[in-house]
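Chemist: Sequence:
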Amino acid sequence: MMSSTKFVDSLPPGSTLLWYEIVKVLGKGGFGITYLAKDTNLDQKVAIKEYLPKGFAVREKGRNVLPNSPTDTKTFEWGLDRFLKEAQILARFKHPNIVRVMSFFRDSNTAYMVMEYEEGESLDAVLKAKKVLSEGEIVRLISPLLDGLEVLHNKDFIHRDIKPANILVRANGSPVILDFGSARQAIAGHGGEQMTSLLSMGYSPFEQYDSTGNRQGPWSDIYAMGGVLYRAITGAKPPDAAIRINARLRNEPDPMKSASEAGEGQYHPAFLAAIDKALMVIETERPQSIADWRPLLLGCFSATKDSVRATPAPVAKAGVSSPSTATAASSVTVTWYPRPFPHLPENRRPQQGTHPGPSSDPTSRKTHGAALSLP
324 MMSSTKFVDS LPPGSTLLWY EIVKVLGKGG FGITYLAKDT NLDQKVAIKE
374 YLPKGFAVRE KGRNVLPNSP TDTKTFEWGL DRFLKEAQIL ARFKHPNIVR
424 VMSFFRDSNT AYMVMEYEEG ESLDAVLKAK KVLSEGEIVR LISPLLDGLE
474 VLHNKDFIHR DIKPANILVR ANGSPVILDF GSARQAIAGH GGEQMTSLLS
524 MGYSPFEQYD STGNRQGPWS DIYAMGGVLY RAITGAKPPD AAIRINARLR
574 NEPDPMKSAS EAGEGQYHPA FLAAIDKALM VIETERPQSI ADWRPLLLGC
624 FSATKDSVRA TPAPVAKAGV SSPSTATAAS SVTVTWYPRP FPHLPENRRP
674 QQGTHPGPSS DPTSRKTHGA ALSLP
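Residue numbers (our numbering): 324 to 698.
Rather than coming from a laboratory, the hints here were simulated on the basis of the structure.
By construction, the Cβ of each residue, glycine as well, lies at the ideal position given by its N, Cα and C atoms.
A couple of the hints might just be wrong.
Unchecked claim - 30 Å max Cα-Cα, derived DSBU-like pairs, lysine-lysine:
(1) Lys361 to Lys417
(2) Lys580 to Lys453
(3) Lys408 to Lys397
(4) Lys408 to Lys377
(5) Lys600 to Lys478
(6) Lys361 to Lys408
(7) Lys417 to Lys347
(8) Lys408 to Lys347
(9) Lys377 to Lys560
(10) Lys347 to Lys377
(11) Lys417 to Lys368
(12) Lys347 to Lys384
(13) Lys600 to Lys454
(14) Lys347 to Lys478
(15) Lys384 to Lys368
(16) Lys417 to Lys384
(17) Lys368 to Lys451
(18) Lys361 to Lys347
(19) Lys600 to Lys397
(20) Lys600 to Lys560
(21) Lys397 to Lys478
(22) Lys361 to Lys454
(23) Lys451 to Lys384
(24) Lys384 to Lys478
What the hints assert, rightly or not - FRET-style restraints, in silico, Cβ to Cβ:
(25) Pro578 to Phe428: 43 to 49 Å
(26) Ser583 to Lys454: 18 to 24 Å
(27) Val381 to Ala614: 40 to 46 Å
(28) Pro576 to Ser392: 42 to 48 Å
(29) Pro393 to Met524: 31 to 37 Å
(30) Asp479 to Arg429: 22 to 28 Å
(31) Pro576 to Glu439: 41 to 47 Å
(32) Lys397 to Pro419: 18 to 24 Å
(33) Val381 to Gln589: 47 to 53 Å
(34) Lys478 to Gln589: 18 to 24 Å
(35) Arg415 to Ser625: 28 to 34 Å
Make a model of the complete structure from these sequences and hints.
Modeler: What follows is the structure, given as structure tokens:
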């Protein structure tokens, strides 16, 4: 697992914030640091995200966080305000597929967001191990994820950083949406030059390159979720949206092989077409809401999707995500029971039963939690 000693700006283990005791660093990215901590009042684990934007702020020799320079003060304070407002908004959501924000506070001249500590494995780690997912596995994941996103969108809130590293698969197979990118996007727009460093290449739609954010909406998260599904069926993320839009402007072929072509014969044609629709590079050509996209994506499974179940299986040793994803991955093998595939030839249908994950040693059931990841 990652150690706090690898992050020179991080709070050391044993540090206290109010009644929270820092245990270790879970991840560090362009916007701050996420810690595993102990709530000493309730005697339970929590995840705490610290506002420490790279390029705008630095920690003093003690623990206080300060703007990098006097010229960064306005941007730092503006981003801090957005961070706190985002935490306040997220704390209102109570949904099984959205990570729960429990509280937030200011300390050490910065701010902290306290979140429920989730046990499981990032979808990024799952895809690195399995490369691609079966149709049944994908349906089991995507339906609750769409439900969670729709709750956010209905309250005029956009995630802005949907990607496999920000989706956790719990031990029981249910997914949860993690790290939100709204405040990061805002500070990038305010600071200007660091926009591209805060985007998730391959998953961020082209309108997120616009620092004003005026063209973003639910369709932006739909593009990103389409990118997640594209990786799940092909094993690779889509080409970056900027590359795709440039090709279109030059009247050149789209550098992205369509999902319909890449997954032909392996997945339902209507399902593949819906992924392609989500990945339209021009935002007005995509479904404009989850309500628009869901029937296109899942309508072909409506009679059978509820029968798809997932159960945890033991594994031999802990998996560790790379620092670049800033996610502490667990060792949870997801066992799937996919639905029948009537549209595929008999010899190409997935077999009923289990799909082994990274390990199938039944002697170990140890898991490690994963908290909000930072890009």
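Chemist: With reference to the structure, classify each hint as holding or not holding.
Modeler: Consistency of the hints with the structure:
Among the hinted pairs, lysine 361 with lysine 417 is consistent with the structure: their alpha-carbon atoms are about 22 Å apart, no more than 30 Å. For a cut-off of 30 Å, the pair hint linking lysine 580 to lysine 453 stands: about 21 Å separates their Cα positions. Restraint check for lysine 408 and lysine 397: the C-alpha separation of about 17 Å stays at or below 30 Å, so the hint holds. The hinted pair formed by lysine 408 and lysine 377 meets the criterion: a straight-line CA distance of about 20 Å does not exceed 30 Å.
About 24 Å separates the Cα atoms of lysine 600 and lysine 478, which keeps this hinted pair within 30 Å; it holds. A distance of roughly 24 Å separates the Cα atoms of lysine 361 and lysine 408; the hinted pair therefore holds under the 30 Å criterion. Taken as a hint, the lysine 417 and lysine 347 pair is honoured in the structure, with Cα atoms around 27 Å apart against an allowance of 30 Å. The hinted pair formed by lysine 408 and lysine 347 meets the criterion: a straight-line CA distance of about 26 Å does not exceed 30 Å.
Simply put, lysine 377 and lysine 560 have alpha-carbon atoms about 26 Å apart, close enough for the 30 Å limit, and the pair holds. A distance of roughly 20 Å separates the Cα atoms of lysine 347 and lysine 377; the hinted pair therefore holds under the 30 Å criterion. The straight-line distance between the Cα atoms of lysine 417 and lysine 368 is roughly 19 Å, inside the 30 Å bound, and the hint therefore holds. Restraint check for lysine 347 and lysine 384: satisfied, since their Cα atoms lie roughly 19 Å apart, inside the 30 Å limit.
For the hint pairing lysine 600 with lysine 454, the CA-to-CA distance comes to about 23 Å; that is within 30 Å, so the pair holds. A C-alpha spacing of about 34 Å is found between lysine 347 and lysine 478, which places the hinted pair above 30 Å, so the restraint is violated. Of the supplied pair hints, the one linking lysine 384 and lysine 368 holds, its CA atoms being roughly 27 Å apart against a limit of 30 Å. As the CA atoms of lysine 417 and lysine 384 are separated by approximately 38 Å, the hinted pair breaks the 30 Å bound.
Taken as a hint, the lysine 368 and lysine 451 pair is honoured in the structure, with Cα atoms around 27 Å apart against an allowance of 30 Å. Under the criterion of a C-alpha separation no larger than 30 Å, the hint pairing lysine 361 with lysine 347 is consistent with the structure, at around 10 Å. Under the criterion of a C-alpha separation no larger than 30 Å, the hint pairing lysine 600 with lysine 397 is inconsistent with the structure, at around 40 Å. Under the criterion of a C-alpha separation no larger than 30 Å, the hint pairing lysine 600 with lysine 560 is consistent with the structure, at around 16 Å.
Among the hinted pairs, lysine 397 with lysine 478 is consistent with the structure: their alpha-carbon atoms are about 29 Å apart, no more than 30 Å. Of the pairs offered as hints, the one joining lysine 361 and lysine 454 is violated, with about 35 Å between alpha carbons and a cut-off of 30 Å exceeded. At most 30 Å may separate the alpha-carbon atoms for a hinted pair to count; lysine 451 and lysine 384 exceed this at roughly 38 Å. Straight-line distance between C-alpha atoms of lysine 384 and lysine 478 comes to about 41 Å, which puts the hinted pair past the 30 Å bound.
Taking the beta carbon of each, proline 578 and phenylalanine 428 are about 46 Å apart, inside 43 to 49 Å as hinted. In this structure, serine 583 and lysine 454 meet the distance hint of 18 to 24 Å, their C-beta atoms being roughly 20 Å apart. The hinted window of 40 to 46 Å between valine 381 and alanine 614 holds, with their beta carbons roughly 44 Å apart. For proline 576 paired with serine 392, a C-beta distance near 46 Å keeps the hint of 42 to 48 Å intact.
Distance hint check for proline 393 and methionine 524: the Cβ-Cβ separation is about 32 Å, which falls inside the suggested range of 31 to 37 Å. Taken as a hint, the range 22 to 28 Å holds for the pair aspartate 479 and arginine 429, whose Cβ atoms sit roughly 25 Å apart. Distance hint check: the CB atoms of proline 576 and glutamate 439 are about 45 Å apart, consistent with the given range 41 to 47 Å. Hint check: lysine 397 to proline 419, Cβ distance near 39 Å, so the stated range 18 to 24 Å is violated.
Range check, valine 381 to glutamine 589: about 49 Å between beta-carbon atoms, so the 47 to 53 Å window is met. Between lysine 478 and glutamine 589 the CB atoms are about 36 Å apart, so this pair departs from the stated range of 18 to 24 Å. For the hinted restraint 28 to 34 Å between arginine 415 and serine 625, the CB-CB distance of approximately 31 Å keeps it satisfied.
In this structure, the earlier hints numbered 14, 16, 19, 22, 23, 24, 32, 34 are contradicted, and the remaining ones agree with it.
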